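K.L.:
Chains as they are written, first to last, in my numbering: chain V, 15 to 331; chain A, 15 to 331.
Treat the hints as calculated values from the structure; they're not laboratory data. Computed from a predicted structure; not experimentally measured.
SDA-like cross-link-like pairs, simulated, lysine to any residue; straight-line CA separation at most 25 angstroms:
1) V:Lys129 with A:Asn154
2) A:Lys103 with V:Asp79
3) V:Lys143 with A:Lys129
4) V:Lys144 with A:Asn151
5) A:Lys289 with V:Asp180
6) A:Lys144 with V:Ser182
7) A:Lys16 with A:Ser60
8) V:Lys103 with A:Gln85
9) A:Lys144 with V:Asn154
10) V:Lys301 with A:Asn154
11) A:Lys103 with V:Tyr88
12) A:Lys76 with A:Glu106
13) A:Lys294 with V:Asn179
14) V:Lys103 with A:Asp180
15) V:Lys294 with A:Pro153
16) V:Lys130 with A:Lys103
17) V:Lys143 with A:Asn151
18) V:Lys294 with A:Ala246
19) V:Lys76 with A:Glu106
20) V:Lys103 with A:Glu82
21) V:Lys144 with A:Asp244
22) A:Lys285 with A:Arg263
23) A:Lys130 with V:Asn104
24) V:Lys144 with A:Asp245
25) V:Lys285 with A:Asp180
26) V:Lys143 with A:Thr152
27) V:Lys130 with A:Glu106
Stretch-level coverage of chain V by chain A, calculated; a stretch enters the list once three of its residues show a Cβ under 8 angstroms from a Cβ in chain A:
28) 142–152
29) 156–167
30) 174–183
Pair by pair, the computed Cβ-Cβ distance ranges are:
31) A:Leu35 with V:Asp300: 51 to 59 angstroms
32) V:Lys285 with A:Gly306: 30 to 38 angstroms
33) V:Lys294 with A:Glu256: 36 to 44 angstroms
34) V:Gly124 with A:Thr278: 36 to 44 angstroms
Just so it is clear, CB atoms sit at the ideal spot from N, CA and C, and this is done for glycine as well.
Take a look at the letters that make up each chain.
2 protein chains.
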Amino acid sequence: MKTLVIGGAGFIGSHLNDALLKEGHKVVSVDNLSLGSEINIRHLVSNSNFSFYQQDAADINKLSDIFEKEQPEYVFHLAANSDIQASAKNPEVEYRNTYTTTFNILSCMGKYNVKKLFFSSTSAVYGDKKDIILDENTPNLSPISYYGAAKLGSEALISAFSYMNDFSSLVFRFPNVIGPRLTHGVIYDFIHKLQSNPSELKILGDGKQTKPYIYIADLIQAIIQFMDIDDAGVSIYNLGVEGNTCVTRIADILCEEMGLTNVTYDFTGGKGGWKGDVPKFYYCLDKIHSAGWIARYTSDEAVRKTIIEILNNRKCN
Amino acid sequence: MKTLVIGGAGFIGSHLNDALLKEGHKVVSVDNLSLGSEINIRHLVSNSNFSFYQQDAADINKLSDIFEKEQPEYVFHLAANSDIQASAKNPEVEYRNTYTTTFNILSCMGKYNVKKLFFSSTSAVYGDKKDIILDENTPNLSPISYYGAAKLGSEALISAFSYMNDFSSLVFRFPNVIGPRLTHGVIYDFIHKLQSNPSELKILGDGKQTKPYIYIADLIQAIIQFMDIDDAGVSIYNLGVEGNTCVTRIADILCEEMGLTNVTYDFTGGKGGWKGDVPKFYYCLDKIHSAGWIARYTSDEAVRKTIIEILNNRKCN
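Work the whole structure out from these sequences, hints included.
P.N.:
So this is what it looks like as structure tokens:
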């Protein structure tokens, strides 16, 4: 099957390219390389089943040209601003890179009669529900970040476009996703900080921010497993793992793996890492577990595995 | 207080101008006159508390100039594509006129430190929930129209902007709104059709589409009553009336008031008026009733009153 992976040079999209090719699909990958990188796809350049367009999905005319030329059968939409902390100061980034890309992609799907969509949504659509266990039926979704708002708006668009054009759309609400090729986030930041100063680590908030971290291979495996579900309309799943990991625990695991002792943690204070950050959330995973998927790695295991891989990779470079 | 009414020459916005002025507020009205009309505000031109800008809220620079010059204290956002049937064929209209206007208005509020917002949302955010009584806690909002999607996306933006900028936002989810200055919709269409051919009336669908119709004065009274509620964050209410009116009943009332007998109804068939139309919905009104508001007119009364007023107005012109 010919697939179109939009955001295909990014952290998640590039892993998805690899998996789709391994499954025997053709992959046309599109990325504006603003957060994605050619490094993530350079191993695919000689693969005849792979092609790449450096193009911005916010430009509907250019995107439309790609749809017309390539005639994909399945669209994986992973194009978004993924640096949530950055967009807290500039919501225009989310309007353009997260919402408008979705609108354009759905419009092109309608125009070129593509019926199957995968969309990467997020826990941020729920907002800060404190200790409520979040399931797919949790009411009053009220995002507190511009990122969460643009993703929830995208879900609303997918709902209407799917109804109006008979799309079959699969939506996963991701937790924090980690693994090789990570470009930002707490693990990435901490490694940088400790490599430059191994005696002190500045931690945003009180370090008690607690979230589930999913290992990239688990997430990709879920996409591959569910992509052929032929449910009409929109299917939404919380995608998560067993357990959660607090920020201080991440620092502890990192210090262990780097062999550092006596690192002083310097907390900036407050509950959230930044305004718009949801400090804690808990997923109910009954729906996706009942559908036959379970993550291989717990949250703590995903954190440790990612740290080891990033540290090893840096040693190699 | 200085208020900014965006969409202020439209059906609802123009009635809101009148009410705000009557309450002693200053009104700065903005409209691109695409669906709104100068006729709706010409009686206010000599009022020193009223001013008008013909400007499109989709142009953020021009909108920003108005905020800078006028320094409003309260923004009423009624700018949207309101012709839902028209946008079913062109979702770009909703992206631009409904979602982008919201994003721009919220951005300007943040920039110019305006803390109070009223937003006109819609029953269409729920999607087609069949016989479920819709309350504000109904989960899985899944709009089937581009209009509903753009409004739900707007609600998501309001959630994030309100949190990030400490706005106090009041959101009413309107049902069908009718009364003088109506520019489209079933009553408007039927009057036109019967005035051109009083012996036959073409009715979209099976005529059993059943919705609550609110009279414009009731809706405006609710906005005025709730606008000073100082709840932090976002307050969402279903705004509705007692009872519902089916399309065939509207035709019957209209024939009665026009003195027409023996009109043949020609049904196009199917359950919805057009693809994306929710054929029936029922609101739970407990939340707004508990807050001390109740509509003066039932749905049937609102329909009859509107018909009489539009017919009388046509005789005068």
